[in-house]
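K.L.:
Could you put the whole structure together from the sequences, leaning on the hints where they help?
One line per chain: the protein sequences are D and G, in this order.
Just so we're aligned, residue 95 is where the first sequence starts under the working numbering, counting upward by one.
Just so we're aligned, residue 3 is where the second sequence starts under the working numbering, counting upward by one.
Warning: the hint list may mix true and false statements.
[Said to hold, decoys possible] Dumping the calculated BS3-like pairs for lysine-lysine here, alpha-carbon to alpha-carbon at most 25 angstroms:
1) 40/G to 192/D
2) 24/G to 136/D
3) 11/G to 165/D
4) 162/D to 40/G
5) 11/G to 136/D
6) 24/G to 42/G
[What the hints assert, rightly or not] Restraint-style ranges between C-beta atoms, simulated for each label pair:
7) 149/D to 7/G: 15 to 25 angstroms
8) 16/G to 122/D: 45 to 55 angstroms
9) 190/D to 63/G: 16 to 26 angstroms
10) 155/D to 29/G: 22 to 32 angstroms
11) 175/D to 79/G: 34 to 44 angstroms
12) 204/D to 72/G: 44 to 54 angstroms
Hints are computed from structural coordinates only; laboratory data are not their basis.
Every residue, glycine too, gets a C-beta built ideally from N, C-alpha and C.
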Amino acid sequence: GESVGLHLPTLSVQEGDNSIINCAYSNSASDYFIWYKQESGKGPQFIIDIRSNMDKRQGQRVTVLLNKTVKHLSLQIAATQPGDSAVYFCAEDNQGGKLIFGQGTELSVKP
Amino acid sequence: DTEVTQTPKHLVMGMTNKKSLKCEQHMGHRAMYWYKQKAKKPPELMFVYSYEKLSINESVPSRFSPECPNSSLLNLHLHALQPEDSALYLCASSLSQGGTEAFFGQGTRLTVV
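P.N.:
Given below as structure tokens:
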């Protein structure tokens, strides 16, 4: 069946280091992917998205990479800050209006 | 205005109660969604409305009844819930169904006693 998953449930990094959060998806027909950040007690917050006709997209301090060959998605956060501590979800949209979330990675930033 | 507003923020209800969750957006989005999220789990899709019509129902029990009175409002009516229905209920909206960024509200923390 369709699934979106993450390789690591937790990630701990030092403040100032770069963070890489990975995601695997199984539906090769999906053509739109989103990364969300969810802080405790809040709803998911959009970080960055990418369509399947691209393999890289950059935002402010964040970069998303898409490898369609191996169905892999990653989120890179540059110069990680304590405010980046949260759970990060990748989500897959197959244009059917079903946004399927991965299991999430909890990012912890040590000062 | 780029917000999705959900009320109430917290709700405690008994298993025989009837209550409603409300969601509002003024971004002109024509797709609205209800998700359920248990602790330490990803959000799970429940319902999708597109142009005020129910588009997707993910086999949700009938004790959850969605309603879209107009393009800005989305309700979730609750009746005869079970303790296992306790969760964070998230509303989201997007410009259209599929292929566009979905904005989420802060959620309603529901406890069924």
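K.L.:
Each hint should be assessed against the structure and marked as holding or not.
P.N.:
Hint check:
Between residue 40/G and residue 192/D the CA atoms are separated by roughly 18 angstroms; this keeps the pair inside 25 angstroms, and the hint holds. Straight-line distance between C-alpha atoms of residue 24/G and residue 136/D comes to about 16 angstroms, which keeps the hinted pair within the 25 angstroms bound. Of the pairs offered as hints, the one joining residue 11/G and residue 165/D is violated, with about 37 angstroms between alpha carbons and a cut-off of 25 angstroms exceeded. Distance hint between residue 162/D and residue 40/G is unfulfilled; the C-alpha atoms sit about 30 angstroms from each other, more than 25 angstroms.
At most 25 angstroms may separate the alpha-carbon atoms for a hinted pair to count; residue 11/G and residue 136/D meet this at roughly 10 angstroms. Using a Cα cut-off of 25 angstroms, the hinted pair residue 24/G and residue 42/G holds, with the two alpha carbons roughly 24 angstroms apart. The given range of 15 to 25 angstroms is broken by residue 149/D and residue 7/G, whose C-beta atoms sit roughly 36 angstroms from each other. Evaluation of the 45 to 55 angstroms hint for residue 16/G and residue 122/D yields a pass: the beta carbon distance comes to about 46 angstroms.
Here the CB-CB span from residue 190/D to residue 63/G is close to 22 angstroms, well matched to the stated 16 to 26 angstroms. A hinted range of 22 to 32 angstroms for the beta carbons of residue 155/D and residue 29/G is consistent with their spacing of about 25 angstroms. Taking 34 to 44 angstroms as the suggested C-beta distance range, the pair residue 175/D and residue 79/G conforms, at roughly 42 angstroms. Separation of residue 204/D from residue 72/G is about 48 angstroms and conforms to the stated range, judged on CB atoms against 44 to 54 angstroms.
Taken one by one, the earlier hints fail for this structure at numbers 3, 4 and 7, listed in ascending order.
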